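So the sequences go chain by chain: W and U. Just so you know, UniProt numbering puts 105 at position 105 of the first sequence, and the rest follows in order with no gaps. Just so you know, UniProt numbering puts 131 at position 131 of the second sequence, and the rest follows in order with no gaps.
Honestly, the hints are just simulated from the structure, not real lab data. Remember, predicted model here, so these are calculated numbers, not experimental data. Just to be clear, a hint being listed does not mean it is correct.
Claimed, not checked - Straight line, CA to CA, 27 Å or less: simulated DSS-like cross-link-like pairs of lysine-lysine:
no. : chain 1 : residue 1 : chain 2 : residue 2
1   : U       : Lys61     : U       : Lys137
2   : U       : Lys61     : U       : Lys99
3   : W       : Lys95     : U       : Lys262
4   : U       : Lys180    : U       : Lys99
5   : W       : Lys34     : U       : Lys61
6   : U       : Lys180    : U       : Lys137
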Amino acid sequence: MPATKTAPPAKKAGSSPLLSLWKAYNETTSTRLKTIDSFLVFLMLSGIVQFLYCILITNFPFNAFLAGFASCVGQFVLTASLRAQVNPANRNEFKEVSPERAFADFALGSIVLHFFVYNFLG
Amino acid sequence: MVGALPWFFASLFLAGVRASVLTLQSPRLSVIGADATPLRNEPLSLAVKVPAPVELGPADKLKLTFQIVDADGKGVQPHQTFLRFYDEVTGEEGVQPVKVTPGGKAKFELNMARPFSSLPPSGKDPLQVSLYIGSFKHDPVQYNLFDLIVPASQAPAQHPDETFFHVRPEIFHTFRPEQKVPPKFVSAVFTGFIAAPWVVLLGLLGNVGPQVPHLFSPSIIPFVATLGAFEALLVWYWVDLRIGQVLLYGAILSVPAAITGKRALAAVSERRLGKSSK
């Protein structure tokens, strides 16, 4: 996984290595991967907010917290593996896995994950 | 032979009358203290009870001596001689045999330092002491001798299972306090926080600007529709359905999803390979 996660916060950091990293990411990454990355950032932020709520305010109802947090973590894992498999830079590692196959896996995994999440939601 | 029978019965009757009286000769009662000092020493009257009850300390000795004689004044050894200790209030009693010599002399001793086991458990009420004499040849006799006050016995040890035979104290369950939802304001603030990542997502997507030119092509849209149907089914499951229903509907829905997915992804693949081969 490239170090793209730190990219958005580094936007205003201004320090030159981070700035060049951000620049390189912006220029070399395809739009598809950027879309996936923004979805990953969204999932991460969602999970963090839910976790903070659980710690700071209350974990009641706990099943709902479990469902919400697990959906964020699970979806993050599925999306991250999708990104790893469709990234052209990793073509050599996933020779027998086409991007379409990766997306089919992603869709199936997501449906199963959502089934369990709704099970927990109560 | 027949004529002899009335004689036999008559003689038996006469013998019974003659031998039926058994009495005590010179019955004496004495109480000796722990230091061997005589506390009480008096003759017993068979006709009336001893007016003052006999009181024994924890180490005192009670001595009883008498001779059992028949009407002729001859010493008799009866078959059974018992002293009975009876607590009228509690109904407890103990019977202790008394040894009698062939000459009819009897000596009974009760040492409170080592009382015999048949002595009934004593409370504050006196024990009635009476003498029973049984004989084959004589009529039975019973004499109420005196009242005996002995130190109260210890309370019996409680049986380990005793508590099971009484009502146990009622069991009260303590529960954790009911969990509460936080105040409305806090909920609203965190709802805003939860919505914030959506703003970030939309902002990023707007920035990236992904293009989906073939989304509405006839090969793609059925697959997207079945995926949407799956999500709708899961929301329906959350709201209303049971797990058996959702598994059934999901299994049914998976067939068109697999078919449309194969078509859509084949189309995408074809486009990708065609593009890359160019």
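Results for each hint:
no.	hint	result
1	U:Lys61 to U:Lys137	violated, 34 Å
2	U:Lys61 to U:Lys99	holds, 17 Å
3	W:Lys95 to U:Lys262	holds, 20 Å
4	U:Lys180 to U:Lys99	violated, 85 Å
5	W:Lys34 to U:Lys61	violated, 111 Å
6	U:Lys180 to U:Lys137	violated, 94 Å
Hint compliance for this structure: hints 1, 4, 5, 6 are broken, all remaining hints hold.
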